[in-house]
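Undergrad: The lines below spell out each chain.
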Amino acid sequence: MLTTLLQNIINALQWGSFYSMIALGYCLVYGVLRLINFAHGDIFMVAAYIGFVFVGFLLKFISGSGMSGWLVLAITLPVTMFFTSLLGVFIERVAYRPLREKGAHRLYVVITALMVGLVLENGNLAIFGASSRKFPEIIDKVVYTFGGLHITNLKILVIVAAVVTFIFLQTVVNRSKIGMAMRAISYDKFGIPLMGIPVNKVVVFTFIIGSSLAAIAGILFGMSYPVLDPYMGMIIGWKAFIAAVVGGIGDIKGAFLGGFMLGFIEILIVSFFSSNLKDLIAFSILLIILVIKPTGFFGVAKSTKI
Amino acid sequence: MKNKFTFLVIIVLVFAMVPLFANGDKENVIKIGFNIPMTGDIPKVGEASKFSAEMMKEDINSAGGLEIGGEKYMLEFIYQDNESKAESAVAVALKLIEQNKVIGIIGPNSSKQAIPGGEVADDNRTPMVSPWSTNPATTLDRPYVFRVAFLDPFQGPVAANFATQQFSAKTAAVMYNLDNDYSKGLAEYFTASFEKLHGKGSVVKYESFGQKDQDFSVQLTKIIAAKPDFVFLPIYYNKVALVLPQASDLGWEGSVLGSDSWGSAELVTLAGDSVKGHYFITHYAAAGAKGSTKVFIDRYNAAYGYIPDDVGALTWDALGVMIEGLRGMKEITGDIAADRTALRDSIKNIKSFAGVTGTMKFDKEGDPIKEAVVVKVSDSGEFVFEKAVAP
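Chains as they are written, first to last, in this note's numbering: chain A, 160 to 465; chain B, 725 to 1115.
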């Protein structure tokens, strides 16, 4: 019983890490622009495909050279982050910025974000076809066994990655100059340009970081759950968004903990109750939390929210 | 103003004339519709159906068409994508029946779409043959709906008996896809027949997951902790590719038995080594096939570059049944409603049909009486024949 519980805690940590990493991306863009970037789940999906294409290419190129899997991963990650950032910045440039500059209501930008998500899904469908793709195995999987507990090196990597990205983000936002600019825009986006802060540059930077996070999550997700399809980002993106809201959207700590909380709730429900009722119970709990505390755990009440 | 009006009148006239020309063109053509998943979760299934159908069409049309009542008719196939969704399957069925005016429909393939799709076909008195659907509800009380696959109430006991003999199993665990009629139904039939053999409580864990879930670690942790003799997985091949590696990561080394939904050409591509050595129940075994089955497999492989999976073979048979039905008709009157009913009667009168997935007869529900086979995924990724189980 105890081993089962501990095993489930490990499962929840790994699953929650994915929610966390995606929720961080939502939170970052929301924090700066007050924009719910509904396309984030699909950027995550595109990142997984970029990784898939690049790894496939790389493995063909180096086949037989005995290059270590970890080195392949170390090359793939930055490359994928780079291309995903390009995509994120491109989306911001063509879909969000024009609306912002025309002073459109935030609601329209959110609808635009939903449409961008659909464009990404169907664009992917057009390029790769509807068949599921198998993400290649990059690193050799090792299963460690302690007593009755099983944990793979990949699971450890995922959990570590979630914690590291959280600490990195927390540091950037709270301790760096650009982080200060991001917080400032979030605080007052009309007054800030008057202080000589280049708003558009800061927004682009925000999208670079947000998309890079999606890229890390996408690669690790592809390695952990190696079946890719164009709709893989949709549900997990929504759920991560809910996690971010419950944690208190706009607060990095809230998104991080909210992601883990959702992971734990889902997994513990299945382990103690029936798996048939997983989403029903999980989202009822989250609903109750939001009803009691509408700003989420760490959120601060804002006069205008969508 | 006047010019605009004239323009409109011309446009209307042009459009009004289109059907005249169309009719003139297609006098000796028989249209068959395909309600298949070309995108969505299981696009390989739709692809296999389409490939098989194209082969059949080529065969018949190159021989000058199909002879019905002394006259030759060319076949025209209309492929429509149901996106592997129930609501799209309904829309596609309606479109094929009302807009395309097909004489009969092949598909949908999975029960999730075939059950609602069959209802539409039956309500509109259009013959439908589902290649792959195994849930009883697809054809139940629907005189216009047929199928060529065996049924889940038959597959459930086959799974229970096979596991009892092959794995000497006394306990079992089941994991199924909650929002899929096929998976849920088969899980229930299996549990009922396994508990009949080994007593109540012999299915020690009964777990489910949602269509879009990717992480099954808790369900698997529970199953592994209960130490069953084997796990029955009536789930689709794309989920198999996620479940099996996760199970071995969590320490599962025992036996696994799958259902006919594993039998896709993509299973080994997606699941890789994790699926090798496991068994599943299916409609036909490609490795070691003989006679007309082998001819079909070789032709398909030559044309498309891979061994046809069971959907490909079943679509071939479903079309075969429909064409056999067409051949048995006295004439094509041109009155689509009358022709559809005549086709239905003709299919019902087929005594015995020798298809590539076995010889079958139809019972009064329009379900075939035929054998199931169990195959093992070999180390080279082939589906090797293990055992045939008669009803």
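Everything labelled a hint here was simulated from the structure, so no lab data went into it.
Note that the Cβ used here is the ideal one computed from N, Cα and C, for glycine as well.
Possibly wrong hints are sitting among the right ones.
Computed footprint of chain A on chain B, listed as stretches where at least three residues anywhere in the stretch have a Cβ under 8 Å from a Cβ of chain A [said to hold, decoys possible]:
(1) 903-913
(2) 1044-1057
Now the in silico label distances, taken between C-beta atoms and shown as ranges [what the hints assert, rightly or not]:
(3) B:G1105 x A:F431: 37 to 43 Å
(4) B:R849 x A:I270: 41 to 47 Å
(5) B:G975 x A:F432: 37 to 43 Å
(6) B:G923 x A:L161: 25 to 31 Å
(7) A:L161 x B:A916: 46 to 52 Å
(8) A:K452 x B:K920: 26 to 32 Å
(9) A:S443 x B:G1012: 24 to 30 Å
(10) A:S227 x B:L921: 55 to 61 Å
(11) B:E977 x A:F432: 26 to 32 Å
Undergrad: Hint by hint, say whether it matches the structure.
TA: Hint-by-hint comparison with the structure:
{"no.": "1", "hint": "903-913", "verdict": "violated (count 0)"}
{"no.": "2", "hint": "1044-1057", "verdict": "violated (count 0)"}
{"no.": "3", "hint": "B:G1105 x A:F431: 37 to 43 Å", "verdict": "39 Å, holds"}
{"no.": "4", "hint": "B:R849 x A:I270: 41 to 47 Å", "verdict": "43 Å, holds"}
{"no.": "5", "hint": "B:G975 x A:F432: 37 to 43 Å", "verdict": "23 Å, violated"}
{"no.": "6", "hint": "B:G923 x A:L161: 25 to 31 Å", "verdict": "29 Å, holds"}
{"no.": "7", "hint": "A:L161 x B:A916: 46 to 52 Å", "verdict": "34 Å, violated"}
{"no.": "8", "hint": "A:K452 x B:K920: 26 to 32 Å", "verdict": "51 Å, violated"}
{"no.": "9", "hint": "A:S443 x B:G1012: 24 to 30 Å", "verdict": "53 Å, violated"}
{"no.": "10", "hint": "A:S227 x B:L921: 55 to 61 Å", "verdict": "51 Å, violated"}
{"no.": "11", "hint": "B:E977 x A:F432: 26 to 32 Å", "verdict": "28 Å, holds"}
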